[in-house]
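Protein chains in written order, with my numbering: chain A, 1131 to 1390; chain B, 363 to 601.
Keep in mind that the hints were calculated from the coordinates and are not lab data.
These numbers were taken from a predicted model, which means no experiment stands behind them.
Ideal Cβ positions, reconstructed from N, Cα and C, are used throughout, including at glycine.
Keep in mind that the hints are not guaranteed to be accurate.
[As the list claims (entries may be wrong)] Below, a list of computed lysine-lysine pairs in the DSSO-like style, where the Cα atoms sit at most 30 Å apart:
#1 A:Lys1200 <-> B:Lys380
#2 A:Lys1387 <-> B:Lys430
#3 A:Lys1386 <-> B:Lys367
#4 B:Lys430 <-> A:Lys1200
#5 B:Lys528 <-> A:Lys1136
#6 B:Lys480 <-> A:Lys1387
#7 A:Lys1133 <-> B:Lys485
#8 A:Lys1318 <-> A:Lys1284
#9 A:Lys1200 <-> B:Lys374
#10 B:Lys460 <-> A:Lys1388
#11 B:Lys436 <-> A:Lys1136
#12 B:Lys480 <-> A:Lys1133
#13 A:Lys1386 <-> B:Lys374
#14 A:Lys1388 <-> B:Lys430
#15 B:Lys528 <-> A:Lys1387
#16 B:Lys463 <-> A:Lys1386
#17 A:Lys1136 <-> B:Lys430
#18 A:Lys1136 <-> B:Lys485
#19 A:Lys1284 <-> B:Lys375
#20 B:Lys380 <-> A:Lys1386
#21 B:Lys484 <-> B:Lys528
#22 A:Lys1387 <-> B:Lys436
#23 B:Lys430 <-> A:Lys1386
#24 A:Lys1388 <-> B:Lys380
#25 A:Lys1388 <-> B:Lys367
#26 B:Lys367 <-> B:Lys430
#27 A:Lys1136 <-> B:Lys484
#28 B:Lys375 <-> A:Lys1200
#29 B:Lys460 <-> A:Lys1133
#30 B:Lys374 <-> A:Lys1284
#31 A:Lys1136 <-> B:Lys480
#32 A:Lys1312 <-> A:Lys1339
#33 A:Lys1200 <-> B:Lys484
[Unchecked claim] Looking from chain A toward chain B, a few residues come up when the C-beta cut is under 10 Å (computed):
#34 Lys1133
#35 Met1142
#36 Ser1145
#37 Phe1202
#38 Gln1204
#39 Leu1205
#40 Leu1206
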Amino acid sequence: MLKILKFSFYEMIRSRWVFIYTLFYLVATMAFLLLSNDLSKVLISMTNITLILTPLIGILFGTIYYYNSKEFIQLLMAQALSRWSIFTGMYLGMALALCLSVLVGIGIPFLFYGIMGSPDLTIYLLLITMGCVLSIIFSLIAFIIAISCDDEVKGLSISIFVWLFFAIIYDGAFMLLILGFKDYPLDKFTISMLVLNPIDLARILILMKLDMSAMMGYTGAVLTKFLGRGMGMVLVSASLMMWMIIPFWRLFALGKKKDF
Amino acid sequence: MITFKQLNKTYKKNHVLKNIDLEMAGSGVVALLGPNGSGKTTMLKCFLGMVLPESGDIIFDGQSILGKYEYRSKVSYLPQIARFPDNLSARELISLMKEIKPGTTREARFIEVFNREKELDKKMSSLSGGTRQKVNIILALMHDDPLIILDEPSTGLDPLSLQELKKFIREEKENGKLVIITTHILSLAEDLADEVLFLLEGNIYFNGPLQQLLNDQHGSSLEMAIAQILRTNKEIAHA
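Extracted from the complex, chain A is given alone in its bound form (with noise of 0.2 Å):
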């Protein structure tokens, strides 16, 4: 699985398009750091755009990627290897590549700035940890899409509609959701409706820190009442932890059925 990680890695790190997404994290950090020298309001600026962009790319490149290596994966299935060593490699070694381009785009300028005598400190790790989890979970879901659908126009749109629902189409609904039911009690349906969006797990996460409850929207706010902050802390990151576990469940459950 190593060697296999090893080389899906390497492959992904030469590709010019994760070059040019660290490129545009470098640049739009730098700018901020400079433009602004409020460091909590950079912060909450760049967590606006990798709340965006990272489900964005990792489900765009996750699926992209595993189309461009279905028959290298067919290869790679004529040799001595389990099933389950091959997509776990292939799949870690793209996620750890879409990782590392956070790490360096986010991460980087941020440390020049001397984020670590700061009060932010968290704040900034919180974001790069987020940035890095969203990266997983939406590859994740991109392998799943990529691989149940053979169809690569098909499958690159499924892609495309997921991304948007999670990121736009899901808040909205939402809210409407809310308000056609305001005379009930609907903590408990917000909260659980909270669990089952990735993007809404990180924002929270972060703005829980940031003790930001104006920007927390109304399901912060629950979740923080009903909760309170430490247990809905948790809850979040257990939230995050799930989704991150059971696709690649999944995925493992699709690749061991797959005909390729």
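Position chain B relative to chain A; hints supplied.
This is chain B only, laid out in the frame that chain A set:
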């Protein structure tokens, strides 16, 4: 060496392999022939574990191989489509294959006969289709395995490289290996094969020595014999 027992495979409503029962001996060249969609590649992929059959069993060296993967260390496989990760070079792919399958390798021979030394460090995406097929052949044949499976090996090869490939296959046959080739170039099959396995609509239509097929169909060449089979089959279907 390989035994297929009552093997069935269906893709959605398409019954691709129908109760395949077959035994292949330990050495020689077997040409796996048949029109498009007759189930040739599916049969090979079932053996390699890429396609999972609905029912039946495949025995290799006395053991059932379904759900296993260790047996593939004894198999060299050349896939039909030569597409590799764009950003890796041929040299890196060769070293990956060596890492996956340790042991002595003989890629130097192919690199020399294909005259590809200078292209080994270029990215795969910048190589021509023919060169990629040569890399495909190098990756597939660099290990010394008792079973060699070649899916359309002649695709995109120039005549000189094709001759080298044929020479190599003959040598491997003399070394007592089993070589299975699928091809649409019937002259290639005629040149190399001892046995012919002809698939038609998921059934084994003919399995035996090449000469017997020619005699049965009163054909002077393999192409004529195959054309005769297809014609007869069409007439039966229309009747």
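Can you confirm whether the C-alpha distance between lysine 380 of chain B and lysine 1386 of chain A stays at or below 30 Å? Between lysine 380 of chain B and lysine 1386 of chain A the Cα gap is close to 23 Å, so the pair holds against 30 Å.
Restraint status (C-alpha distance of lysine 480 of chain B to lysine 1133 of chain A at most 30 Å): holds (26 Å)
Restraint check for lysine 1136 of chain A with lysine 484 of chain B, where alpha carbons must lie at most 30 Å apart: Status holds; Cα separation ~19 Å.
For a C-alpha distance cap of 30 Å, please report whether lysine 528 of chain B and lysine 1387 of chain A respect it. violated (36 Å)
Quickly compare the C-alpha distance for lysine 1312 of chain A and lysine 1339 of chain A to 30 Å and report which way the hint goes. Since the Cα atoms of lysine 1312 of chain A and lysine 1339 of chain A sit roughly 28 Å apart, the hinted pair holds (cutoff 30 Å).
Holds or violated: the hint that methionine 1142 of chain A contacts chain B, with Cβ atoms closer than 10 Å. holds (8 Å)
Taking 30 Å as the top limit, are the C-alpha atoms of lysine 430 of chain B and lysine 1386 of chain A close enough? holds (12 Å)
Restraint check, 10 Å cut-off on beta carbons, for phenylalanine 1202 of chain A near chain B: holds (6 Å)
Chain B contact restraint on lysine 1133 of chain A - CB to CB distance below 10 Å: holds (5 Å)
Checking one constraint from the list: CA of lysine 484 of chain B to CA of lysine 528 of chain B, max 30 Å. Satisfied? Judged against 30 Å, a Cα distance of about 27 Å means the pair holds.
Satisfaction of hint between lysine 430 of chain B and lysine 1387 of chain A, Cα-Cα up to 30 Å: holds (13 Å)
Given hint lysine 1284 of chain A paired with lysine 1318 of chain A - CA-CA distance at most 30 Å: Distance of about 36 Å is beyond 30 Å: violated.
Checked against the numbered hints above, the structure breaks hints 5, 6, 8 and 15 and satisfies the rest.
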